[in-house]
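Trainee: For what it's worth, our numbering labels the leading residue of the sequence shown as 1192, then goes sequentially.
It should be emphasised that the hints constitute simulated quantities derived from the structure, not laboratory data.
Among the hints, erroneous ones may be present.
Derived Cβ-Cβ restraints for the label pairs, each shown as a range [to be verified]:
no.: 1; residue 1: 1392; residue 2: 1198; range: 29 to 37 Å
no.: 2; residue 1: 1261; residue 2: 1207; range: 17 to 25 Å
no.: 3; residue 1: 1311; residue 2: 1202; range: 16 to 24 Å
no.: 4; residue 1: 1393; residue 2: 1219; range: 17 to 25 Å
no.: 5; residue 1: 1265; residue 2: 1300; range: 36 to 44 Å
no.: 6; residue 1: 1250; residue 2: 1271; range: 47 to 55 Å
no.: 7; residue 1: 1200; residue 2: 1312; range: 29 to 37 Å
no.: 8; residue 1: 1392; residue 2: 1275; range: 27 to 35 Å
no.: 9; residue 1: 1265; residue 2: 1369; range: 25 to 33 Å
no.: 10; residue 1: 1392; residue 2: 1239; range: 17 to 25 Å
no.: 11; residue 1: 1229; residue 2: 1306; range: 19 to 27 Å
no.: 12; residue 1: 1261; residue 2: 1219; range: 46 to 54 Å
no.: 13; residue 1: 1392; residue 2: 1305; range: 20 to 28 Å
With a cut-off of at most 25 Å between alpha-carbon atoms, the simulated SDA-like pairs for lysine to any residue come out as follows [said to hold, decoys possible]:
no.: 14; residue 1: 1270; residue 2: 1256
no.: 15; residue 1: 1202; residue 2: 1217
no.: 16; residue 1: 1202; residue 2: 1334
no.: 17; residue 1: 1270; residue 2: 1280
no.: 18; residue 1: 1270; residue 2: 1338
no.: 19; residue 1: 1202; residue 2: 1222
no.: 20; residue 1: 1270; residue 2: 1353
no.: 21; residue 1: 1202; residue 2: 1351
no.: 22; residue 1: 1202; residue 2: 1267
no.: 23; residue 1: 1202; residue 2: 1353
no.: 24; residue 1: 1202; residue 2: 1273
no.: 25; residue 1: 1202; residue 2: 1344
no.: 26; residue 1: 1202; residue 2: 1248
no.: 27; residue 1: 1270; residue 2: 1289
no.: 28; residue 1: 1202; residue 2: 1262
no.: 29; residue 1: 1202; residue 2: 1346
no.: 30; residue 1: 1270; residue 2: 1215
These numbers come from a predicted model, not from an experiment.
Just so you know, even glycine gets a beta-carbon here, dropped at the ideal spot from N, CA and C.
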Amino acid sequence: METLERAVIRKAGVVGFWTSASRVLGLARDVLMAGYFGTSVWMSAFVVAFTVPNLSRRFFGEGALSAALVPVLVETRHKHGERAAWSLAFRVFALAAIVLCAVVLLGWIFCAGLLRIGMQSPRFTIVLQLLQIMLPYAVFICLAALFMAALNSYGVFGIPAAMPCVLNVTWIAALVLLVPRAAGSAGGIRVVAWAVVAAGILQAA
1192 METLERAVIR KAGVVGFWTS ASRVLGLARD VLMAGYFGTS VWMSAFVVAF TVPNLSRRFF
1252 GEGALSAALV PVLVETRHKH GERAAWSLAF RVFALAAIVL CAVVLLGWIF CAGLLRIGMQ
1312 SPRFTIVLQL LQIMLPYAVF ICLAALFMAA LNSYGVFGIP AAMPCVLNVT WIAALVLLVP
1372 RAAGSAGGIR VVAWAVVAAG ILQAA
């Protein structure tokens, strides 16, 4: 039977492996992005647009709510059983999904309104278009982070640690398979934006 010390070491090793793999894949992704788009206006617009959903992941999905969910689920399971813990988790997921969808919808409408006015610069127009595409990523990645927190409450750390690799692999696949046909163009950067959304769906699935 595995001792507690060995279990901790094994799980730490698994988390360390997937974290390192994610860093390597992230470096490969950045190199490919630089190779295809360089310092072009498309690259600048993408970086700005991606900041919004990515910040929501850091502050909401991987922030206080996700961190607070783990001990609450563990305590609820010990005091009231599995059914109560899953009921609590479902309520948290449902509330988070509703709030996130509402925020994303408002953000999308706001972007659409600015685009309709048509008073912004061409560069800002690209940012708004990319932001409209990638806003749903905030919903999927935040829900995925909450799912991972639920797994952590059961002592499962490998799958949550591997999730960032899904984003990088999907991103790299789009860059290698699809972007070369439209590298350095608006079409190419839109492909990357849709790849980000697809990665979010895969992470939440």
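Trainee: Hint by hint, where does the structure go against what was stated? Just the numbers, ascending.
Mentor: Of the numbered hints given earlier, those the structure breaks are 3, 6, 7, 9, 12, 19, 20, 27 and 30, listed in rising order.
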